[in-house]
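Here are the chains, one letter per residue:
Number of protein chains: 2
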Amino acid sequence: MRDRQRSRRRGPHPAPFRRLTNPYPFVEPLHAEQVERLHEASLRLLSEMGMRILSAEARRLFAAAGCIVEGDLVRIGSDVVDACVASAPAEFTLRSRNPDRDLHFGGRSVVFCSVGGPAFTADRAGGRRAGTRSELQQTIRLIHALPIIHQEGGGAFEALDLPAESRHLQLCLDLVRLTDRNWHATALGRERAADCIDLAAIALGTDRDGLASAPALMAIVNTNSPLTLDQPMADGLMELAGAGQVACITPFTLAGAMAPATLAGALALQNAEVLAGVCLTQLVRPGAPVMYGSFTSNVDMRSGSPAFGTPEYMKAAQAGGQLARRYGLPYRSSSTTSANSVDAQSAYESVLSLWGAVMGGANLVYHAAGWLEGGLTASREKIVTDAEVLQMLAEWLQPMTVDDDALGLDAIRDVGHGGHFFGSAHTLARYESAFYEPLVSDRRNFERWVQEGRDDTASRAAVVAEELLAAYEPPPLDPAVDDALDDFVRRRTAQYQAAGAQ
Amino acid sequence: MRDRQRSRRRGPHPAPFRRLTNPYPFVEPLHAEQVERLHEASLRLLSEMGMRILSAEARRLFAAAGCIVEGDLVRIGSDVVDACVASAPAEFTLRSRNPDRDLHFGGRSVVFCSVGGPAFTADRAGGRRAGTRSELQQTIRLIHALPIIHQEGGGAFEALDLPAESRHLQLCLDLVRLTDRNWHATALGRERAADCIDLAAIALGTDRDGLASAPALMAIVNTNSPLTLDQPMADGLMELAGAGQVACITPFTLAGAMAPATLAGALALQNAEVLAGVCLTQLVRPGAPVMYGSFTSNVDMRSGSPAFGTPEYMKAAQAGGQLARRYGLPYRSSSTTSANSVDAQSAYESVLSLWGAVMGGANLVYHAAGWLEGGLTASREKIVTDAEVLQMLAEWLQPMTVDDDALGLDAIRDVGHGGHFFGSAHTLARYESAFYEPLVSDRRNFERWVQEGRDDTASRAAVVAEELLAAYEPPPLDPAVDDALDDFVRRRTAQYQAAGAQ
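So the protein sequences, as listed, match chains A and B.
Residues in the first sequence are numbered from 1332 upward in steps of one, following our numbering.
Residues in the second sequence are numbered from 1332 upward in steps of one, following our numbering.
By construction, these hints were calculated from the structure, which means they are not laboratory data.
There could be a bad hint or two in this list.
Derived, one-sided and incomplete: chain A residues facing chain B with beta-carbon distance under 10 Å [stated by the list, open to error]:
1) Phe1451
2) Arg1455
3) Ala1456
4) Leu1558
5) Ala1586
6) Lys1646
7) Thr1708
8) Pro1769
9) Arg1775
Label-pair ranges, simulated between beta-carbon atoms [stated by the list, open to error]:
10) B:Ile1399 <-> A:Gly1749: 14 to 22 Å
11) A:Glu1496 <-> B:Ser1790: 41 to 49 Å
12) A:Pro1420 <-> B:His1751: 42 to 50 Å
13) B:Glu1783 <-> A:Ala1825: 43 to 51 Å
14) B:His1751 <-> A:Gly1408: 24 to 32 Å
15) B:Ala1830 <-> A:Pro1730: 53 to 61 Å
16) B:Arg1439 <-> A:Glu1367: 19 to 27 Å
In this text, a Cβ means the ideal position worked out from N, Cα and C, and glycines have one as well.
Same shape as in the complex, but just chain A (with noise of 0.2 Å):
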């Protein structure tokens, strides 16, 4: 028997890609006048400190809709929150260039995005370093075939070969080429988010119009903690919602260093500039979707360096999915780790923050494979072992089945008291189904692990990794469509040289 399992199968086999709703009661640290409380709280720093806004063309449709402006201060009212809130939508969907990997996003669903942003990548054979091109090609190859990770980041690392002014058009065309899920798109500037627009609407065989009324993209919208939104931000921000494309407001509020070091004065603070966000999307147009996004955790007491995956992180992550609710906003929160490389650490601090991101409702895990070192760099291996537990979690949120075949009081009876059920009928009819198959979780007795050389999970992931980036296929697309992206890339990267050559 267990010869015959051996060999029926060989090489990793990740589960296949299926949409996630979470069935059970969210965890909710905050009681419900705390709630009211904190959103108090945010609409004081609003209307009496206001938030700095660094572009004009914002700060004047803050002030068109009756907002008082002084310099780059933008003091927000009540009202003002009020009806943006009102107009943003509870729940949207975005399309993929597979239709069958459309995301929705809202209500109880749960989309697991891979890591996006950081400067490095790292592998077991080349260490932690610069990225380039080719390697984040390869990483979007990988993610594609992890079906668990329903979305693409909008890069997992930077291209540093690539000149940073336009390389955000070769990740865009290398994701349209190499997966056919949906990618992040960036919001730093309106050029870049515009161009990133214009690539998904060539991609979908679409207009604007048509990506308006059903959007395709997401894009992080980080304000600069405490109360500051800088200019590319809000020029991306802007870029986005007035294409009716998703802005992901995400402040930075880290308790001790961008936030009072409390978890309720961090949580007023993201409430604040979320909510400053927002209604910037739906001045600029009414409706537009838009995100609420958490990433509240706290620095260390002994060093004051940033501090993942800790329990103020698990609430934080929690209560902002409240607070998301509360204004009827779909939620984003994140899988975080301080640790250096692919440890025990690195395990348990990921695992806490999909408890506290799970369990606390929210709709996008962000980061959710491939995150390391506190968001520096982005490890393969990494993105293979987060990938497992994600395929884990996938696995919990089925629901159970007990009827009669399930039971198996035949087989119980079958076998008898003290029997076991390896050879059964009711055993052999499942087997091969029965249970979560892992990618990289080892079941092997001592003996032979240390027989076969005392690999650890991440070099069983960096094996995981070879085998499934050997097996990739990429998904089919029409040459018509690959040519119009490639035209519209080589015109704008020449474009932004002839500009930077000025």
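Using the hints, position chain B against chain A.
For chain B alone, coordinates are given in the frame of chain A:
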């Protein structure tokens, strides 16, 4: 500021002892009808197939209650089950040598207990090996040094330098001397269980009547699935129940091996066996405290090996909680992993198990610190790494504060737009205690981590264990009590030796 913080305290600072309650809604994967269906399937197994019980005394008790006994088989009707479940208490408290360490089981309480039962011990320095009494003493000291471990699990591994039949005596003696926390007894036979009870009475300055009115001991009673209770465990159960101490009835229903290859089948079997054990405790002594234990996991599909910390394990832990609550019994689950070393897998499987147990309403999380290698090994570094996670969960379970002081709006005003909170009075006033302080989690930046030797979590845990053991101080013990314990152990050890020599 950084230097000030760093110089402030040296060495690990474990979190203080505190009792935990879980205020959050439990995860309940079964619908109410599914719970009833499992209940009814269990009753059919008990009344139609019956339980094989290898103790004549136990069978006589069942027969006296009206059950049908044929050979070793005892058919238990629903009337007996109903009456016995009704007489078992919903909650109980266990006394500790230090009354400040008494433990409550039931309702929303959560108790973390160290690993019990492995054959081997392991640490970075000495590898995996058979353990000795002196090594087991060090492990007890380490557990005592980590107050998040509320309860000791009855020996983290076997002291193989002591004779098998009497080593429980030296273990009990060491437990009383080296920690003031509650500890587990052994249920392996009437004589051993009686020794544990007598030693507990001496340690607490009471007698068997005193212990019966205020219990101090719990022991794990494993059934031999499917549907068998062997003689030593039946005898141990009867001794414990007769003395008013707690039997924690825990079938090892491994789906695909000792149970059907479905969660429904494994849970029906688990539930039948727990109910049989609960009945026996109540037939011995109505009102005796007893615990519903769940240990349903699944085999690996490829190899037939046991697998732990799986999605099936999470679901079974949470469904098991629903069954326990249906009967109004305190609930035991566990933290588990199949990993062979303290790597990422060991962490994600353990935390996913905890997610199952804690969100499933477990009152006792057994094996919560130190379990490795499918339960064959107790690992020193895993004790420390697990304690870190348990401390984090304890912190997460604390309520949030949202008042003017915590909100810190004045501090936000003082810091201003784009400023930072490092040096603000609001931060300085709470810096030392604002956030959870880790035991082994690392927040150094990558460069410093590389410079300082690229350690991983397990190697840091080894250092923490050394430091905790170096600082260990035994809790005070009345010399008269110590003498009485020693006398008892000497006398009983000699009796076992004499019996063995016959």
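Any of the earlier hints contradicted here, and which numbers?
-> 2, 3 and 12
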